[in-house]
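Chemist: Top line first, the protein sequences correspond to chains B and Y.
According to this note's numbering, the first sequence is numbered sequentially starting from 54.
According to this note's numbering, the second sequence is numbered sequentially starting from 297.
Worth flagging that the hints you see were computed from the coordinates, not collected in a lab.
Every residue gets a Cβ at the ideal spot worked out from N, C-alpha and C, and that includes glycine.
Any given hint could be a false lead.
[To be verified] What the simulated footprint calls covered on chain Y by chain B, stretch by stretch (three residues with Cβ under 8 Å from a Cβ of chain B suffice, anywhere in the stretch; the number is not a length):
#1 331-342
#2 377-384
#3 521-528
#4 538-544
[Unchecked claim] Listed next, the in silico DSS-like pairs over lysine-lysine satisfying Cα-Cα at most 30 Å (straight line):
#5 B:K114 <-> Y:K459
#6 Y:K459 <-> B:K92
#7 Y:K700 <-> B:K92
#8 Y:K720 <-> B:K114
#9 Y:K400 <-> B:K114
#10 Y:K720 <-> Y:K700
#11 Y:K400 <-> Y:K700
#12 Y:K720 <-> Y:K400
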Amino acid sequence: MRSRLRFAILGLCSAVLMLSASGCATMGVEAWERDILAKPEMQSSNEALDRSLDDHIYFSKEASSGGRSFGGGGCGCN
Amino acid sequence: MQLTKKSSIRPAVAAMTAALLGAGTVPAADRGKLETSLLLYSEVDRVRALEGIVGFERAIWGDRLLNVRLTYDGLTGASPNGATPAGRFQTFTRPSGNGSYSAKPGAIPLDDTFRDTRFSIDAGLAQPLGRLTQLSVGAHFSSEHDYSSIGLNAGVTRDLFRKNTTLGVSAAYTHDVVSPVGGAPIPMSAHVGHADDEEEPHEHEDDDDEGEGTGPGKGKDVFDVVLSMSQVLDRMTIVRLNYSFSHSSGYLNDPYKLLSVIQGNGATDPGEPVGYLYESRPSVRNKHALFAGLRRYLWGNTVDLSYRFFWDDWGMTSHTAELFYRQQLGGGHFLQPHFRIYNQTSADFYYWYLVDGQTLPQYASADYRLADFNAYTIGLQYGIPFGELGHLTLGGEYYMQLGKRGPPNAIGVLRDFDLFPDMKVFMIRLGFSYDL
């Protein structure tokens, strides 16, 4: 299990570093091209409350948590 | 001057959002935001809940942003206690020790004494450090009659490459205390219950366990870390990659869950229970999740597609795929269908039941949440503008869990019963938000 964990972390870090080093520097848009990205419906923060409600429901009914945000505790859910 | 102030607050809002969601930096309201949400949750024949949230964001002390969120949950209804159905009436002592509840022949035993209220408060403060870096800190407290939780979190995000890339790291520590009604049972100890040909009269028909004496508290510590990256691909597309790790240690049992001990093949009544044991889980759990999300503007509408792979050291893995499609209807109105598909494998120590006479395992649980099952969500939300700065939303969702009927080699009478407590849930949501 530990080797699987290490593999996952190394894989993610490598992917992030490679993307950062190569692709990310040339991807994206200029500041004056952000008209669409600035729309409210393009912001994940726009639905943060709904998604946190979703996470709370699924946390209490399923074994998985995390990914989108912290996977922690805070509820003795039945 | 106004422009300068606005631009300095935007990163603070983004940092707070990122810290709460473990996500990349995204701008939100300029000055602050008021959000409320009301959720009506109803499981068919089981738990019903009402949850209300009020959230408030406001710029304070210049470019710092304060965020406060209050949540109230009220829950009531019945929850599967983990025992298998039987060919006879089954009677279980309530967790408080006062009175009992029963399950009819062939029915999944449900503890009908479930009633609780929960209050929580979350607060956070975000602070930009220069033009590209944002720091945030937060705190959490929640309380219900047999459970309390207190936590701290902190995060930092950094914009790179003309703000097209955002890297983030956030961490949280939570200390929970479980104070089970009737005291925390000894794992794998016997629960007082029995099966009879006739139903036993209830001693306290209207009893519930809220407010009944809770036993000594049992602690649980949770450490969380989220690494995040968001990347603008083009004018219309942004992607997010997250890795989250969660380490829990301490009391991880559900003190109200049982396992049936049944008669084996060759006994007088194969499959019928001879007793019930309290569950036993490991005291440590390490959870990992990889999350990938893509948001794309498509002919004036928005597609939000995400996938999560989850695994832990209890032997569980899960896949979650989710899709939101926001269809703009003009005038600020929108319609948003939502689909979610979820699949999880069972924990290494999940047992449908234990067999009388066989060696007891060190860890065992029959909690359906640790079983192998699929879940599906379908929903629809309608958005209505409220003035120039606010909007109302009304939505409905249907959630369904479908598990296996039982093990392929089910014993005796259990072959005739569906051992997984399939669940159907209806949800209605009302939301209101207003940019301040």
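Chemist: Work down the list of hints and note, for each, if the structure agrees.
Modeler: Quick rundown of the hints versus the structure:
Under a criterion of three residues with beta carbons nearer than 8 Å to beta carbons of chain B, the stated coverage of the segment 331-342 of chain Y is upheld, 4 such residues being counted. Given as covered by chain B, the segment 377-384 of chain Y fails the check, having 0 residues with a CB less than 8 Å from a CB of that chain where 3 are the minimum. Counting residues of the segment 521-528 of chain Y whose CB falls under 8 Å from any CB of chain B gives 5; the rule of at least 3 is met. A count of 6 residues in the segment 538-544 of chain Y with a Cβ less than 8 Å from any Cβ of chain B is obtained; the coverage claim is therefore met, three being the minimum.
Our distance criterion of 30 Å between C-alpha atoms is broken by K114 (chain B) and K459 (chain Y), whose separation comes to about 38 Å. For the hint linking K459 (chain Y) to K92 (chain B), the alpha-carbon distance of about 16 Å falls within 30 Å, and the restraint holds. About 44 Å separates the Cα atoms of K700 (chain Y) and K92 (chain B), which puts this hinted pair outside 30 Å; it is violated. Taking the CA atoms of K720 (chain Y) and K114 (chain B), the gap is about 11 Å. The hint holds against a cut of 30 Å.
The straight-line distance between the Cα atoms of K400 (chain Y) and K114 (chain B) is roughly 24 Å, inside the 30 Å bound, and the hint therefore holds. Restraint check for K720 (chain Y) and K700 (chain Y): the C-alpha separation of about 15 Å stays at or below 30 Å, so the hint holds. A threshold of 30 Å between alpha carbons decides the hint, and for K400 (chain Y) with K700 (chain Y) the separation of about 21 Å falls inside it, so the pair holds. Between K720 (chain Y) and K400 (chain Y) the CA atoms are separated by roughly 21 Å; this keeps the pair inside 30 Å, and the hint holds.
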